[in-house]
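Residue numbers (my numbering), protein chains in the order written: chain A, 1 to 355; chain B, 356 to 710.
Honestly, the hints are just simulated from the structure, not real lab data.
Among the hints, a few may not be true.
Which stretches of chain B does chain A cover? Using the computed rule of at least three CB atoms under 8 angstroms from a CB of chain A, they are [unchecked claim]: (1) 470–480; (2) 590–603; (3) 607–619.
Please read these numbers as outputs of a predicted model, since none were measured by experiment.
Positions of the beta carbon are idealized from the N, C-alpha and C atoms, including for glycine.
There are 2 protein chains.
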Amino acid sequence: MLHQEIRAGEAQVEDGGSGRHQSGAPKRPRLEDVAARVGLSTASVSLVLRGVPGPSERTRQRVLKAAADLGYQADRTASTLASRRSRLLGVMIDIRSPFHAELVEHLHTAAEEVGYDLVLSTLTRTRDERTAVDTLLAFRSEALILLGPTAPADALAVLDNKAPVIVVGRRIADTALDVVRTADDDGVRQTIDHLAGLGHREIVYVDGGKGVIATDRRRGYRTAMRRHGLGDHIRVLAGDHTEAAGERAARHLLDGGRLPTAVVAYNDQCAIGVLAALARAGVAVPGEVSVAGYDDDTLSRLSCFNLTTVSQSAREQARHAVTAAVERLDQDRAEPREVVLTPRLVVRGTTAGHG
Amino acid sequence: MLHQEIRAGEAQVEDGGSGRHQSGAPKRPRLEDVAARVGLSTASVSLVLRGVPGPSERTRQRVLKAAADLGYQADRTASTLASRRSRLLGVMIDIRSPFHAELVEHLHTAAEEVGYDLVLSTLTRTRDERTAVDTLLAFRSEALILLGPTAPADALAVLDNKAPVIVVGRRIADTALDVVRTADDDGVRQTIDHLAGLGHREIVYVDGGKGVIATDRRRGYRTAMRRHGLGDHIRVLAGDHTEAAGERAARHLLDGGRLPTAVVAYNDQCAIGVLAALARAGVAVPGEVSVAGYDDDTLSRLSCFNLTTVSQSAREQARHAVTAAVERLDQDRAEPREVVLTPRLVVRGTTAGHG
DNA sequence: ACCAGGACTTAAAGCGCTTTAAATTGTCCT
DNA sequence: AGGACAATTTAAAGCGCTTTAAGTCCTGGT
Chain A
1 MLHQEIRAGE AQVEDGGSGR HQSGAPKRPR LEDVAARVGL STASVSLVLR GVPGPSERTR
61 QRVLKAAADL GYQADRTAST LASRRSRLLG VMIDIRSPFH AELVEHLHTA AEEVGYDLVL
121 STLTRTRDER TAVDTLLAFR SEALILLGPT APADALAVLD NKAPVIVVGR RIADTALDVV
181 RTADDDGVRQ TIDHLAGLGH REIVYVDGGK GVIATDRRRG YRTAMRRHGL GDHIRVLAGD
241 HTEAAGERAA RHLLDGGRLP TAVVAYNDQC AIGVLAALAR AGVAVPGEVS VAGYDDDTLS
301 RLSCFNLTTV SQSAREQARH AVTAAVERLD QDRAEPREVV LTPRLVVRGT TAGHG
Chain B
356 MLHQEIRAGE AQVEDGGSGR HQSGAPKRPR LEDVAARVGL STASVSLVLR GVPGPSERTR
416 QRVLKAAADL GYQADRTAST LASRRSRLLG VMIDIRSPFH AELVEHLHTA AEEVGYDLVL
476 STLTRTRDER TAVDTLLAFR SEALILLGPT APADALAVLD NKAPVIVVGR RIADTALDVV
536 RTADDDGVRQ TIDHLAGLGH REIVYVDGGK GVIATDRRRG YRTAMRRHGL GDHIRVLAGD
596 HTEAAGERAA RHLLDGGRLP TAVVAYNDQC AIGVLAALAR AGVAVPGEVS VAGYDDDTLS
656 RLSCFNLTTV SQSAREQARH AVTAAVERLD QDRAEPREVV LTPRLVVRGT TAGHG
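Let's have the full structure, built from the sequences with the hints guiding it.
And the structure:
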């Protein structure tokens with residue numbers, strides 16, 4: 001982990017200052033210090049440290065050693081300024097979303113592979129998208145990867161003039177933006193196929209409210225139901241993305257007398273609300289009623305839920321987002337591209353045969 | 356949200372280039388552009404934009420307008436380089452932790468109040484603490500706020516030579532580092548007090564494994580039990596921070612014949628495992644057995660769990676962390692400081708009277 | 001009129017690096 | 001030995017801002 005840092009600690013001695021707060025913080029070594037140590041110009045040192053071909057092997061070795069001895073670490077701000085490139089991809093996230101967490105993880109590895117770094121800026125209750133994006137821009141991000149932005153399409157289009165924008169996880173109608181997302185309707189279709197295959201016919205859908213995603217998923221439900229000849233059983237209950245909505249919907253069903261044999265919810269949170277309400281009413285899942293969610297949320301994996309759900313292939317989306325950014329930045333692709341991935345149904349324990 | 360960006364869009368016209376990818380990206384306006392527009396020097400513009408007193412009101416207004424017209428936004432990298440200050444606090448997080456998410460939220464507001472910005476660097480499966488911290492340093496963070504670091508104390512101490520380190524959420528024995536944390540033993544003590552007050556005597560504790568935090572909580576349990584004269588009932592079951600561990604522990608209790616009247620778990624994840632196992636065995640909670648966790652995790656708030664737990668006052672910890680950093684940076688405090696906050700018991704629905 | 005002093009402005013020198021053109025060194029022929 | 005050419009190395013000019021010392025202009029006072 002941090003152990004290697006000790007090398008840098010030794011270097012402090014050279015600086016004369018032992019304690020940080022004694023005679024001011026010991027200045028971090030600069031390129032010049034490394035250069036002086038090996039008796040070369042800063043230009044050569046810079047070349048070596050960046051792995052640019054040119055310097056002789058002997059020079060290379062000496063510089064590397066000197067840099068290591070001093071615990072030298074390039075100053076990003078200066079490099080960025082001088083090279084006119086930050087090699088930074090700005091990523092806007094909602095730090096509370098487990099799914100975003102997963103995306104970030106993969107974005108990191110994908111970016112690293114192509115020599116870019118990430119700078120994260122999160123939304124919070126008091127930090128809106130504009131602020132978050134401005135921060136990314138202030139850091140000179142070369143491209144903006146926005147996870148689930150809610151800003152209107154035209155605002156995003158304007159933003160795109162400052163730096164290529166890659167929208168992840170949200171459908172955007174006819175703009176020149178790059179978009180990476182999964183086919184939400186297809187995810188629900190797979191769920192319905194799965195349930196229908198198990199013999200279910202009365203499959204209720206708990207809606208996710210307004211928003212493109214909710215719309216797509218709802219459409220997926222309707223279309224799939226019809227395709228299975230279950231058009232007459234289509235039944236959409238109002239809901240949203242919360243657990244509370246799921247409970248409400250389930251209670252509604254319970255109060256209604258006859259229960260459907262399966263409930264598909266807009267997302268996992270909502271599905272869990274359904275599960276909770278059913279459990280409280282003593283309805284066996286998946287014995288009497290099957291339940292499915294969407295998102296493959298961390299929640300759904302908890303053994304106490306073990307929810308059948310739809311996974312959005314975070315890894316693939318992350319890779320495509322980074323690729324899109326790199327194509328814009330290094331291969332001057334000009335035409336926008338939309339990558340629509342197919343989600344994957346994850347069958348767990350809340351769905352079972354019926355009939 | 357992003358709507359205001361449109362102003363910047365208009366400015367593009369001046370640049371001659373309409374499309375981003377036509378004749379190269381339209382360069383973002385520089386200080387010089389703003390200065391030229393109002394016929395002043397860049398020095399004056401800089402002064403105005405930073406709110407430094409000096410420029411006349413007339414100048415101030417004109418500069419502000421010009422900057423707005425151009426959609427000017429200062430380049431952080433250049434400012435940092437020139438001023439030798441980044442006014443950046445580096446924050447190391449585990450992006451998958453809901454608790455860290457909460458801390459970050461409050462860190463943002465606390466930092467903003469004192470004129471600092473945050474730069475986040477997360478741990479992932481393939482990104483260790485060293486990498487995360489190096490990134491923060493490369494951005495020239497002036498101080499490092501590390502959320503739950505696992506690096507050994509001496510490594511952290513060395514790091515502290517590069518920039519003041521503030522450790523959050525972890526106890527560190529005698530170092531010169533600033534630490535902000537909550538009293539873990541006290542949190543468990545409060546839980547035990549609560550349960551004992553409800554008449555419980557047989558209170559089992561499911562352990563959290565090794566690590567300072569687990570140690571503190573376990574100690575809190577033991578001490579509190581003794582204080583209530585329940586020393587004979589002390590019973591610690593092996594476990595860790597996972598749901599699986601909770602289930603295992605609960606099954607062990609179920610197999611053991613007589614159940615305790617209350618189970619206190621190392622954390623919420625673990626507590627939820629306990630809940631799941633008990634539910635599966637048909638044991639009523641809190642009817643027959645009361646259960647409590649620790650962390651006030653998002654999970655614990657789900658209505659289907661509604662778990663009694665201990666909250667770590669994220670807001671307070673965040674504020675103290677930022678304050679500590681600012682004291683180091685702007686008020687040259689040299690003596691290390693440890694802030695130990697008192698956690699707060701959050702009584703929900705899994706604990707009830709007994710006896 | 002003339003000058004001190006206040007109110008503004010600005011020229012210019014960096015910050016720590018990258019990059020390009022030019023200089024230096026070394027090598028190999030003839 | 002002299003020169004061409006390749007291999008290295010480096011001087012120097014920035015990158016876009018901040019900052020400080022040094023102006024420039026007025027205002028009044030005398």
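Tested hints:
1. 470–480: Our answer is that it holds, as 7 residues pass the Cβ test (under 8 angstroms) against chain A, meeting three.
2. 590–603: Coverage by chain A holds here, the residue count being 3 at a Cβ distance below 8 angstroms.
3. 607–619: Our answer is that it is violated, as 0 residues pass the Cβ test (under 8 angstroms) against chain A, missing three.
The earlier numbered hint that this structure contradicts is number 3, and it is the only one.
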